[in-house]
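Chemist: First to last, the protein sequences are chains A and B.
With this note's numbering applied, the first sequence corresponds to residues 50 to 295, in that order.
With this note's numbering applied, the second sequence corresponds to residues 50 to 295, in that order.
It should be emphasised that the hints constitute simulated quantities derived from the structure, not laboratory data.
Some hints could be false.
Stated by the list, open to error - Incomplete in silico selection of chain B near chain A, CB under 8 Å:
1. 68
2. 70
3. 71
4. 115
5. 124
6. 140
7. 159
8. 165
9. 170
10. 204
11. 225
12. 257
Glycine included, every Cβ here is placed at the ideal spot set by N, Cα and C.
Next come the chains, spelled out residue by residue.
There are 2 protein chains.
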Amino acid sequence: MGRDSGREDINLPLASAGRRIHGSVARALGVAILAGRHAPGDVLPGEIEFAEQLGVSRTAYREAIRILSAKGLVESRPKTGTRVSARKRWNLLDPDILAWAFEGEPSEALIRDLFELRMIVEPAAAALAAERRSIQDLARMGHALDEMARHGLATEVGRAADQTFHNVILEAARNGPLLSLSSSIAAAVTWTTIFKQRGHAQPRDPMPDHRALYDTIVAGDPEAARAAMTELVRLALADTEPLIAP
Amino acid sequence: MGRDSGREDINLPLASAGRRIHGSVARALGVAILAGRHAPGDVLPGEIEFAEQLGVSRTAYREAIRILSAKGLVESRPKTGTRVSARKRWNLLDPDILAWAFEGEPSEALIRDLFELRMIVEPAAAALAAERRSIQDLARMGHALDEMARHGLATEVGRAADQTFHNVILEAARNGPLLSLSSSIAAAVTWTTIFKQRGHAQPRDPMPDHRALYDTIVAGDPEAARAAMTELVRLALADTEPLIAP
DNA sequence: AAGCCGCAATTAACTCATACAAATCGGTAG
DNA sequence: CTACCGATTTGTATGAGTTAATTGCGGCTT
Numbered sequence: 050m051g052r053d054s055g056r057e058d059i060n061l062p063l064a065s066a067g068r069r070i071h072g073s074v075a076r077a078l079g080v081a082i083l084a085g086r087h088a089p090g091d092v093l094p095g096e097i098e099f100a101e102q103l104g105v106s107r108t109a110y111r112e113a114i115r116i117l118s119a120k121g122l123v124e125s126r127p128k129t130g131t132r133v134s135a136r137k138r139w140n141l142l143d144p145d146i147l148a149w150a151f152e153g154e155p156s157e158a159l160i161r162d163l164f165e166l167r168m169i170v171e172p173a174a175a176a177l178a179a180e181r182r183s184i185q186d187l188a189r190m191g192h193a194l195d196e197m198a199r200h201g202l203a204t205e206v207g208r209a210a211d212q213t214f215h216n217v218i219l220e221a222a223r224n225g226p227l228l229s230l231s232s233s234i235a236a237a238v239t240w241t242t243i244f245k246q247r248g249h250a251q252p253r254d255p256m257p258d259h260r261a262l263y264d265t266i267v268a269g270d271p272e273a274a275r276a277a278m279t280e281l282v283r284l285a286l287a288d289t290e291p292l293i294a295p
Numbered sequence: 050m051g052r053d054s055g056r057e058d059i060n061l062p063l064a065s066a067g068r069r070i071h072g073s074v075a076r077a078l079g080v081a082i083l084a085g086r087h088a089p090g091d092v093l094p095g096e097i098e099f100a101e102q103l104g105v106s107r108t109a110y111r112e113a114i115r116i117l118s119a120k121g122l123v124e125s126r127p128k129t130g131t132r133v134s135a136r137k138r139w140n141l142l143d144p145d146i147l148a149w150a151f152e153g154e155p156s157e158a159l160i161r162d163l164f165e166l167r168m169i170v171e172p173a174a175a176a177l178a179a180e181r182r183s184i185q186d187l188a189r190m191g192h193a194l195d196e197m198a199r200h201g202l203a204t205e206v207g208r209a210a211d212q213t214f215h216n217v218i219l220e221a222a223r224n225g226p227l228l229s230l231s232s233s234i235a236a237a238v239t240w241t242t243i244f245k246q247r248g249h250a251q252p253r254d255p256m257p258d259h260r261a262l263y264d265t266i267v268a269g270d271p272e273a274a275r276a277a278m279t280e281l282v283r284l285a286l287a288d289t290e291p292l293i294a295p
């Protein structure tokens, strides 16, 4: 009814850049779920109704639901409908989920958890990387550090270089599943620098600890690398912690 | 053409139990990709053609592709088609992906990687659990251990209890992202026992190390828990390693 | 003459609408 | 208390029309 007379939709900014409609809907719903606007256990409106509300076809809506379902956010069965899954079912390590979580202001609990994870994973990864890194890995790490030093963490390129540095270390650890944690680590790294910029007018210079870590990996000394990375994360945590738990 | 004269499909066991068609197709393709039957960079046949080959509608096929895409296995764009993503894009920590990987004989490299991850994550998780566990957590761990002792790892219930024990520890660590690693840990645990059963006619008794770990968590001693879990995983690794790297 | 840029045609995925099938829950009758 | 039956919701199928990216052609620039 009344489809020609105008669309009654668009309270969500769907269309949007590059992304296809199913992707946009998935993102919008994902963000809403992670923000708590749909609590675990809640039943979503029926396909037909909800798709119409969003102003998209049932096809596109269903594909969006498949995406969310694949990430463990929702489960749908005939007659029962589609309901938001329990939190323990959510795949919190999925890159999209993390991105959606950080779309709005993420919960302090999540940031704390990610830091804890980082403190567990990165030192071990650094130790492995010290043993297994190739010459190319070292070159990429060195380049990333140079970029970081040149542009600083106040710039986009500088932050990207920081991400790259940590990412190359994970790659150099030569462990597929471990590398899949990169998005989680990246999220923690990002928010470290964001909080740092917020907190201090004069943020601590990150280069010394990064260089020290780099040197241990060049030297191929696993235990030194583990210690250096532990110290690096500890410092980052010290910068961040007072701001999330004041 | 010839749709009425019979279906030219079914070289894959699609239909199958409980699962919907899109789920079955996703699983079949996922397994094929993880088994290397579709290498990264390969372009899949077009929607119409491939869906017809599989004997399903384009709708079901597309929803399957959305699932795979959500897990990072494939990427699809207009004109280019759908292609298998690079390995580093795969979300190796996704429960389904791991399940699919272990559908066929998994690669030794993956098992080794998962063990490495387990050795990194579980001791830290045990330490956190020792600090944060509730009375209910302890009760569940204790019950799981009892079940494990009663039925042994040769039985399905016994193995399930083992899984539960490790899983409760992850839950007791009170860290969402960490808990999302449970499927990865579970995969490693499973294959430990599988290899153990294969290797020795008289497998090592797993109860002493498990009990020791449990006691440290009851005592609330993080460092003791870390050490106990490290020892537990080390023993499991010792049982497994000679069989995957002979 | 060689190379670069922009335009159009092609091709694939994407979206939509509709019809029908299957599954599941609740109530009702036996 | 059990078994069936109907209503409701997701699941599957199909065909038509849309959008986006790549390819190659043709004209322009160097």
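Chemist: Provide an ascending list of the numbers of those earlier hints which the structure does not satisfy.
Modeler: When the structure is compared with the hints, numbers 1, 2, 5, 10 and 12 turn out to be violated.
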